[in-house]
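Heads up, the sequence shown is in our numbering, so the first residue is -1 and it goes up one at a time.
Since the hints were derived computationally from the structure, they do not count as laboratory data.
There's no promise every hint is true.
Unchecked claim - Calculated lysine to any residue pairs in the SDA-like style (CA-CA distance at most 25 Å, straight line):
| no. | residue 1 | residue 2 |
| --- | --- | --- |
| 1 | Lys138 | Glu32 |
| 2 | Lys138 | Arg114 |
| 3 | Lys91 | Tyr143 |
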Amino acid sequence: MSHTDMPKEEKFSEDPEENLRMQNDFLKMKMMAESGAVFGGSNDLPADIENQFLKNVLEFEKANSDEKSRSINEILGKPVFGDEKNLNEEKFKTEFDKLERLLKNNNIHVEFNRQRDDRFKYKFITKELFEHTTSFVPVKGMSTYFLYEEFHPDHELEINDLTHLF
-1 MSHTDMPKEE KFSEDPEENL RMQNDFLKMK MMAESGAVFG GSNDLPADIE NQFLKNVLEF
59 EKANSDEKSR SINEILGKPV FGDEKNLNEE KFKTEFDKLE RLLKNNNIHV EFNRQRDDRF
119 KYKFITKELF EHTTSFVPVK GMSTYFLYEE FHPDHELEIN DLTHLF
């Protein structure tokens, strides 16, 4: 058992609801002691939902605690994709579908604030995003979002959005 795992069969009480609340308190104390977590707000959350949330946070912390920076390509298992310039329409459609499935299966979402065609998206993802390094590790049940404009700011769109907001 690692330092972030809790025994699966730990029972604090015979009452299942009370047992979950006590497990939650245990998990919170563990998180406060190990990482300085701070908890506040009301306790309106159902015990089972809070329990799952706390376990997800612990899993996230464990997965990212000792992780070194790796490229998105490495995280995805170093998939090979052809250069979009060398792909005819049929082959491109196959490769783009494969790329979308890979990202979806790994809970990675890439968004674009402006309308972009599929070849533009493909090129950005396979040439730039794949080379992006991160220390983040995908965790089951969590999604990772990347925004094209974080890599290439669109000042005109940002000014228009701020003007409309103002």
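* Taken at face value, is the distance from the CA of Glu32 to the CA of Lys138 at most 25 Å? -> holds (22 Å)
* Asked: Are the Cα positions of Lys138 and Arg114 separated by 25 Å at most?
  -> violated (29 Å)
* To do: Given the hint that Lys91 pairs with Tyr143, test it: the Cα-Cα distance must not exceed 25 Å.
  => holds (23 Å)
Checked against the numbered hints above, the structure violates only hint 2.
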